[in-house]
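Trainee: Spelled out from the first residue to the last, the chains are:
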Amino acid sequence: MAEFNTSIKEQGAVSIINLKGYLDAHTAPILENNFVDLIDKNRFQIVVDFKDLAYISSAGLGVFMAYIEKIRESNGDIKLAGMNNKVYNIFDLLGFPLLYEIFNSESEAVQKFTEKK
Amino acid sequence: MKTKIFKVKSKTENLSLIRDFIKTATAEAGVTSDAVENIILAVDEACTNIIKHAYKSFPDGELIIKTKSTLSRFVISIIDYGNSFEPDTIPEPDLQKYYRQKRVGGLGMYLMKTLMDDVKYVSIPGKYNEVMLSKNIEAAHSNAG
Numbered sequence: 001m002a003e004f005n006t007s008i009k010e011q012g013a014v015s016i017i018n019l020k021g022y023l024d025a026h027t028a029p030i031l032e033n034n035f036v037d038l039i040d041k042n043r044f045q046i047v048v049d050f051k052d053l054a055y056i057s058s059a060g061l062g063v064f065m066a067y068i069e070k071i072r073e074s075n076g077d078i079k080l081a082g083m084n085n086k087v088y089n090i091f092d093l094l095g096f097p098l099l100y101e102i103f104n105s106e107s108e109a110v111q112k113f114t115e116k117k
Numbered sequence: 118m119k120t121k122i123f124k125v126k127s128k129t130e131n132l133s134l135i136r137d138f139i140k141t142a143t144a145e146a147g148v149t150s151d152a153v154e155n156i157i158l159a160v161d162e163a164c165t166n167i168i169k170h171a172y173k174s175f176p177d178g179e180l181i182i183k184t185k186s187t188l189s190r191f192v193i194s195i196i197d198y199g200n201s202f203e204p205d206t207i208p209e210p211d212l213q214k215y216y217r218q219k220r221v222g223g224l225g226m227y228l229m230k231t232l233m234d235d236v237k238y239v240s241i242p243g244k245y246n247e248v249m250l251s252k253n254i255e256a257a258h259s260n261a262g
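Here the protein sequences come in this chain order: S and D.
To convert, note that position 100 of the first sequence is 100 in my numbering; the numbers rise steadily by one, no gaps.
Quick note: to get my numbering, add 117 to the position in the second sequence (first position is 1).
Because the hints were derived from the structure by calculation, they are not lab data.
In this text the structure is predicted, and so the values were computed from the model without any measurement.
Among these hints, one or two may not hold up.
Here are the simulated lysine-lysine pairs, DSS-like style, with alpha carbons at most 27 Å apart [said to hold, decoys possible]:
1. D:K244 / S:K86
2. D:K121 / S:K9
3. S:K70 / D:K169
4. S:K20 / D:K169
5. D:K119 / S:K20
6. D:K252 / S:K86
7. D:K119 / D:K173
The whole structure should be built from the sequences, with the hints applied where relevant.
Mentor: Rendered as structure tokens:
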């Protein structure tokens, strides 16, 4: 049963995590492992693409909070992209747009990393 | 009044079954789709809190989920036999503080209160805990009949 999975691709220095399915307290550890692996590899420029994500609960939102400070201390960032309205509304209710840059598409988020240099 | 009941063990892998149960119960009650999504998330948050905090991730605890619907209200009651819980001790979430302290807590309860019209807790230490979530619903089916 594949109710949630992720795939990671690399575009230069930027790593893109694509989320698919249902992100809840059961599946959140899969995404946590992705962040741990990227941090281990010193890959701190991370875009998370939500376009195939159907559902998120606060356990999923907590994953972003757990790693953001470590990543920013290493001159990186987590940028979020491609959320449907339903998922965006949950982020918005909890005030996440104040802490994270959120883009319409993955390519816009990647571009934000590359144009900074 | 329609009622449904679903009993499930305290494992996070059962959250998807719980969401399916609520989806079916809300569909049968004629709840409109925006409200359905909010109810499903609120119930997921309530059950996640029970699994993690009342049962401390012990997988053999029991959750009893009951739904009741009338023309104007959809009510979910969730009973567990885990550790009792004092909801007033959970502060409102403060993301800036979480950011500094690298910890997250209370997001689920905040979402439940925001997404539902009423959230009530009853805790009888040593016996059971019950959380009741209520959502006012439009009588969508009155148009059809």
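Trainee: Just to be careful, I want the Cα atoms of K20 (chain S) and K169 (chain D) compared with a cutoff of 27 Å; is the pair within it?
Mentor: holds, 24 Å
Trainee: Given the hint that K121 (chain D) pairs with K9 (chain S), test it: the Cα-Cα distance must not exceed 27 Å.
Mentor: violated, 45 Å
Trainee: Would the pair K119 (chain D) and K20 (chain S) pass a check requiring their Cα atoms to be no farther apart than 27 Å?
Mentor: At roughly 35 Å apart (the allowed maximum being 27 Å), K20 (chain S) and K119 (chain D) break the hint.
Trainee: Compare the distance between the alpha carbons of K119 (chain D) and K173 (chain D) with 27 Å, and conclude whether the hinted pair is satisfied.
Mentor: With a Cα-Cα distance of about 33 Å, the restraint between K119 (chain D) and K173 (chain D) is violated, given a limit of 27 Å.
Trainee: Would you check the hint for K70 (chain S) and K169 (chain D), treating anything up to 27 Å between C-alpha atoms as holding?
Mentor: holds, 25 Å
Trainee: Compare the distance between the alpha carbons of K244 (chain D) and K86 (chain S) with 27 Å, and conclude whether the hinted pair is satisfied.
Mentor: Given pair K244 (chain D), K86 (chain S) is violated - Cα atoms ~37 Å apart, limit 27 Å.
Trainee: Given the hint that K252 (chain D) pairs with K86 (chain S), test it: the Cα-Cα distance must not exceed 27 Å.
Mentor: Satisfied, since the Cα-Cα distance of roughly 18 Å is no more than 27 Å.
Going through the hint list in order, the structure does not satisfy hints 1, 2, 5, 7.
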